[in-house]
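Peer 1: Work out the full structure: start from the sequences and follow the hints.
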Amino acid sequence: MFQQRTQKSGRSVATWYRSGGLSSIFFALPLVLIFLYFSWGPIVRGLVLSFQKNNLVLPAEWVGWSNFSYVLTDPQLPQAALNTLYFAFLALIFGFPVPLFLAVFISELRKTGWLYNVLSYLPAVVPPVAAILLWTFFYDPSGAGVFNSILGWFGIGPFAWLNSQTLAMPAIVLEATWAGAGATSIIYLAALTGVRTELYEAAELDGAGIWSRVWHVTLPQIRGIILIMMLLQLIGTFQVFTEPFLFTGGGPNNATMTVLLLIYRYAFVNGDFGAATALSVLLAGVLCALSVVYHFVTRRWSTT
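Quick note on the numbering used here: the sequence shown kicks off at 1 and runs consecutively.
None of these hints come from the bench; they were simulated from the model.
Quick caveat, the model's predicted, so the values are computed rather than measured.
Here a beta-carbon is modelled for each residue, glycine too, at the ideal position from N, C-alpha and C.
Honestly, I wouldn't trust all of these hints.
[What the hints assert, rightly or not] Simulated restraints, written as ranges between beta carbons of each label pair: (1) Pro59 x Phe268: 19 to 27 Å; (2) Ile235 x Pro42: 14 to 22 Å; (3) Gly155 x Pro42: 52 to 60 Å; (4) Phe89 x Ala202: 16 to 24 Å; (5) Leu199 x Ile25: 43 to 51 Å; (6) Gly152 x Phe296: 45 to 53 Å.
Peer 2: Shown next, in the form of structure tokens:
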């Protein structure tokens, strides 16, 4: 029996060799090595750097877990973590439904949907720096600001949007929602094209209105992509950097200081790349754990 198995194994290896399997490996090996170098190489380098004291000028010094101990005891970290959670909460509560609503609204417009599709996608093609400069004018604390001018018609305000510890984070979330809703709605629109028209026709024959069709037909049919987009948006909100960095720089009084902005300060303000990498590793671990928990929590809902 053992001899027969050995003979079969030898024949299969010989067949694989004659069919060009070895040459395929040689052709694929350079691409695989390039992929591993540019994708996993920085990850491995980052893990090593998190255990070193390194300012990219002097020779690196191995410090073990000191970087992790330093960032975990930094009094700025709890505030940055709470601000990041606050941003994620606001972005999911207010920012997540907007692109979904846009996609459903555009899909219901048979003739002019393309026009609204183009208009909704315009914010995605505006460079982030230019968009934030534009919104800074909108948030001008004087009466000349766009939002304060509109509220002034009703005798409300003016408000110091970006200079207020209470209003700064919601103001940033509003701009981030505007900037990202268009691109996300395109993904939802692509998913909506896969919904069978027979389901809508059957719902219309039963007398279902637009909201009933959306709730009982559209959303159940695209719940898979909804779950994926929710996870991607959740991960993205934990990595918010551009908006608080350009709008407020983390102020006022650290009210918009996020974890990624704290990482930036470690690296490029303090010159402590070891601490910055250590906090990055911790953030990556939290996001991985969050993704696993999210998968198990939503697995049953996505399959029913």
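Peer 1: Against each hint, give a clear statement of whether it holds in the structure.
Peer 2: Verification of the hints:
1. The hinted range of 19 to 27 Å is satisfied by Pro59 and Phe268, whose Cβ atoms lie roughly 20 Å apart.
2. Between Ile235 and Pro42 the Cβ separation comes to about 18 Å, which falls inside the hinted range of 14 to 22 Å.
3. Between Gly155 and Pro42 the Cβ separation comes to about 55 Å, which falls inside the hinted range of 52 to 60 Å.
4. Phe89 and Ala202 have their C-beta atoms about 38 Å apart, which leaves the hinted 16 to 24 Å range violated.
5. Taking the beta carbon of each, Leu199 and Ile25 are about 47 Å apart, inside 43 to 51 Å as hinted.
6. At roughly 50 Å, the beta-carbon separation of Gly152 and Phe296 lies within the given 45 to 53 Å, and the hint holds.
Of the numbered hints listed earlier, the single one contradicted by the structure is hint 4.
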